[in-house]
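Q: Just so you know, the sequences run in chain order A, B and C.
Heads up: the first sequence begins at 1 in my numbering, then just goes up one per residue.
Heads up: the second sequence begins at 291 in my numbering, then just goes up one per residue.
Heads up: the third sequence begins at 464 in my numbering, then just goes up one per residue.
It cannot be assumed that every hint is accurate.
Said to hold, decoys possible - One-sided and incomplete, this derived list gives chain B residues near chain C with beta-carbon spacing under 8 angstroms:
#1 Y304
#2 E307
#3 V321
#4 L324
#5 C336
#6 Q371
#7 L388
#8 G391
#9 R407
#10 N408
#11 P409
#12 N410
#13 Q431
#14 V434
What the hints contain is simulated information worked out from the structure, not anything from laboratory work.
These numbers were taken from a predicted model, which means no experiment stands behind them.
Ideal Cβ positions, reconstructed from N, Cα and C, are used throughout, including at glycine.
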Amino acid sequence: MIPAAFEYVAPRSVAEAVALLRQHSYDAKVIAGGQSLIPMMRFRMAQPKVLVDIGRIPGLDYLREEDGYLRIGALVRHATMEHSPLIQERYPLLAATARVVADPLVRNLGTVAGSLVHADPAGDWAAAMMAARAQVVVAGPDGERVIGIDDFLVDTFTTALEPDELVVEVRVPIPGPRSGGDYQKIERKVGDFATAAVAVQVTLDEAGRCQQAGIGLCAVGPITLRAAAAEEALVGQPLDEATIRKAAALAAEAAQPTSDTRGSAEYKRDMVRVLTIRALRSAAARALKA
Amino acid sequence: MGHRIAVTINGQRYEAEVEPRLLLVHFIREVAGLTGTHIGCDTTSCGACTVILNGKPIKSCTMFAVQADGSEIRTVEGLAQNGEFHPIQKAFWECHGLQCGYCTPGMLMAGVALLERNPNPTEDEVRRAISGNLCRCTGYQNIVKSILRAAEMMRGGAGVASGSPVGRGSPAQ
Amino acid sequence: MSATLTESPHRVLGQPIKRKEDPRFLTGQGRYLDDIKLPNMAYMAIVRSPYAHARIVSINKEPALAVPGVLAVITGEDLEKLGLAWMPTLNGDQQMVLAVGKVLFQYQEVAAVIATSREAAYDGAAAVEVEYDPLPVVVDPFKALEPDAPILREDRKEKSNHIWRWESGDKAATDKAFAEAEVVIKEKIRFPRVHPSPLEPCGCIADYNKTQNHLTLYVTSQAPHAYRTVLAMVTKLPEHQIRVISPDVGGGFGNKVPVYPGYVVAIVGSMLTGRPVKWVETRTENLASTHFARDYHMTVEIAATREGQVKALRVHTVADHGAFDAQAVPSKWPAGLFNICTGSYTFEAAHVVVDAVYTNKAPGGVAHRCSFRVTEASYLIERAMDILAHELKMDPAELRRKNLIPADKFPWKSPTGWVYDSGNYHHTLDYALNLIGYKELRKEQAEKRARGELMGIGISFFTEVVGAGPSKHFDILGIKMFDSAEIRVHPTGKAIVRLGTRHQGQGHETTYAQIVAEELGLSPDDVLVEEGDTDTAPYGLGTYASRSTPTSGAAAAMCARRIREKARKIAAYLLECGEHDLEWADGRFQVKGAPHQSVTMQQIAFAAYTNPPPGMEPGLEATYYYDPPNLTFPYGCYIAVVDIDKGTGEVKVRRFLAVDDCGTIINPMIVQGQVHGGLTEGFAIAFMQDIVFDENGNNLVTNFTEYMLPTAVETPRWETAHTVTPSPHHPLGAKGVGESPNVGSPAAFVNAVVDALSHLGVRHIDMPITREKVWRILRSAGIDE
Ligand SMILES: Cc1cc2nc3c(=O)[nH]c(=O)nc-3n(C[C@H](O)[C@H](O)[C@H](O)COP(=O)(O)OP(=O)(O)OC[C@H]3O[C@@H](n4cnc5c(N)ncnc54)[C@H](O)[C@@H]3O)c2cc1C
Ligand code: FES
Ligand code: FES
């Protein structure tokens, strides 16, 4: 299908982009990878008057560790994460997520930042970033601000971003020693959004007890959810089967699924439990090795 | 409001004034006249439109032509060189990797991109690399076989030099 | 006469020849509908109903006409004035072209916008204002039959949503067998509503030339000749003034058999604007408005002895046909060939009843490699046999062995009147069981079960019926279902073959070339196959229901034999001997006992044009219309092995073996490809696909994000093998194979999953078997991660 007509601008700097967003405000839409926006425009569910293509802004595609953070520039694609040796070696949660976002062709264009801004409760990155306790760096007319992922995601398809703001970076705290993570997703087929998915990131202390835990739930609520009670139940405990199962039950309680063509609320809730068990098992195993 | 863009497709430069909403796939098919790249859906689901953009396989129905300004694109029409099939074309022919042919250009491009990144993929890696491309006819088995066979040819295995000439039917090896 | 696949006795037949059509597809030179661009071409977009059932209060075209580039807006009222608001369906009903008065399903065609560009056409369609007054919606076919259900079709005399009832078999004999039966099983089984969704959507370019009163329709069609006849009937244009061209078709699977409203409107659009009009549907339009498949609600009963001898079969089906009875089936067979449902077994009696019902859904029913409802039939009986095995605590392979039609009973007359041509079922069963290692698998299953692991084995032994068909029984709109071929051998011994079929990936350009090359002693390289243009090809009913090899393949062979008869006369003249002194050997005529005295077809063809025998008409060409004496009955034994994830309910197909017997194989490579494709569709149907509607008749599955087509990752690895039992009445012994895997496989998958869970008391699970369905069973049995 054919999108409605629009104007196209391709700024060459963040400042220029912000100025354009300021000028056109709600009439404008940023396009990054276009893998969520263009399908919506083709169905005329999105009809921006002005499309601000940030794809030509130089220097936004960096992926590096710096100052205690993994810094993911706004133009880093899903595939860059998937194939990056750095991610594969040091960020098992992010590596596992990158492999199951959409399909390999979509991954060559879609961006991590775009996925977070899209704020689809079924977005995989949001759940992973929640578990990883990421932050979002935003540029606006008054410069930059940093927003924690929990505050950034406000509601279904809604973030804390103002119409004249741009995400320039996503940053993930570099995990300490004895850290591990995993992403477990149930999808009907490759390329499908999750029926349910669970992101887990844990750090163990020297005695093998859980020091820090992050659990993000995907596609089981109006928004990406943090399973806070489950996280708490892990902290201070060895990650044995009993603890894992207890946390998984709490994660399932935290889910707020609804029934749809992917499955009933009941099924999705139970899958949160099963996937949490599996993700915690493998995260714990990885942490013990790391 | 037209935008003047220039795109290189299979080594040839195409310049045109386009409406911003023109999808890249429509540019390729209708402006450049290369109809080998197909369209099978409206939801970025099928991969019939797969082309290689700046070295990476993408769905050309989910990019505006204006975004591709200045890009280097490869389509199915660019695979054969001097009337000689690319190994992946030979392999698809030999292994019956196509039936109706509609998904084929996309499959070929996804396959070529994989082999350029990973010359020696496992069957599983091949299956994952083409998982953004749907085929309704073949059940994928012979497509996977074709790509593995092409990998072998490209690594210098049997059959590299002796490609069947374009346009003839002869018994498969 | 049964053997596993061995060396072919033929020269060209049976060879895995690389496909002649491939080079153009591999280089992007295929020419599909949307690749065609005519000068001055306009584009059409269709406005569709958001409601499943509503009166149309008003349509305001003005805002659309104000969009720059819009040339015309057409509504049902406009068509009414031309007498074109309704068109006949292939099943004796009528269907709205554009809605008049009311809409009967969501996404029904309401108006069409023609514009100078595709963009303007879509902008125009978005601007058309339609006011609707919603009516009560009927989604459930059973509710449609209740006395207080709203009547959907006000245009019909009968004020009921019941369309027709079709009965087959002997009711009294069946009732008697059930009354006397030692064991009876009964189950409700649904075959979901699925969609063929070829990767290329449907579309057309209508090019009407007013001065010549001539219409050229380029269209994605599996049956171009049938289209021409239907269009002549609908548009009242003389049939010789209509040319239908079906270019390369990107998959059909039955979806491209019917004539869709969009084609008729595009023709009207071309007449109104004086330009060629292109219409290519979107994927949503394809899934939501073109022909779906199946949607059969079946109740099956088997009467048997305690030892497991089947006696009688009773089936009642409620068939959801949607808003118009438009399924593409032969006239005398409103439920298709569904009464083949006694399958491969020696039932003594059967009674089959089908009730067809209108609902507020898109029309269709017969499509998707189903061989005219044989898929439903085969799934039903193969599922029911497993239920009987469960009831009797018998091994499902043993139960089948006990009841399979013995080889010496062919031709076998089934209790619903079919005469199965040939088969050696027991041989094929044993072959398949051995090949997969059935005994070892059963042993492994027992061990796993003891450990609490879930593994299942499913068998399906199906009998297909294809090659429709003999003209005494088969016609569509009165046109007999023969097929045809025309061969011209040129002076240099190269040949062109034209046929009334239209391939969509089945490899006809190669298969038919092989047949003709075999019969005429040529190389397949020297035979060009052409289909799809009604101006050049002889009349034929098209490619669907696996009928091409059984009918057109036979026509091609018979046509070639007709040529060979003339060639024999020329050969005798050239060799100066009597016709009866000649024999056909190694692709040439030679004098009996003197093989060095011979002539090739090249020499004969040259003589036919340069030096024909005195008094003989020059040239070397023939046409043949083949009216099959019977249908063909391919069959096969499919075995699936599955493992189940106790945590999520996911089913993993570990192995799948398909042993097919499709008679003589013309090109084993192509046959194997057809089998892979059909199995993959069967897999998708078993596990992923169902078109569902909410209570308001909203279709929830209108594109590939919801209609699940498996990718290479989900698709199992297929193992294939063959036994060969030629058809005694087909000139080549071929039976056809394109649909067997889709007919035979769903039951194997479901039987395997049910088998994995049978110790929990499970007898049946309706398709699609989602993880959630399995999960419910697991949890209610206390099984968990
Ligand atoms: C077939 C298919 C399957 C998919 N499956 C999945 C899946 O399984 N899981 C999943 O998580 N996602 C999936 N996606 C979505 C995909 O991951 C997208 O890439 C992602 O959601 C958006 O990233 P993008 O860069 O393409 O953003 P765009 O489409 O360009 O933009 C999305 C939104 O974010 C805004 N935006 C983008 N970047 C910025 C920025 N830097 N600053 C401010 N605003 C910005 C845009 O204005 C727009 O509103 C799928 C997409 C497709 C087409
Ligand atoms: S056309 Fe289907 S993904 Fe591009
Ligand atoms: S060959 Fe027909 S869709 Fe793949």
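Q: Decide, hint by hint, whether the structure agrees.
A: Tested hints:
no., hint, in the structure
1, Y304, "16 angstroms, violated"
2, E307, "14 angstroms, violated"
3, V321, "12 angstroms, violated"
4, L324, "7 angstroms, holds"
5, C336, "6 angstroms, holds"
6, Q371, "11 angstroms, violated"
7, L388, "6 angstroms, holds"
8, G391, "3 angstroms, holds"
9, R407, "17 angstroms, violated"
10, N408, "16 angstroms, violated"
11, P409, "19 angstroms, violated"
12, N410, "18 angstroms, violated"
13, Q431, "5 angstroms, holds"
14, V434, "6 angstroms, holds"
Hint compliance for this structure: hints 1, 2, 3, 6, 9, 10, 11 and 12 are broken, all remaining hints hold.
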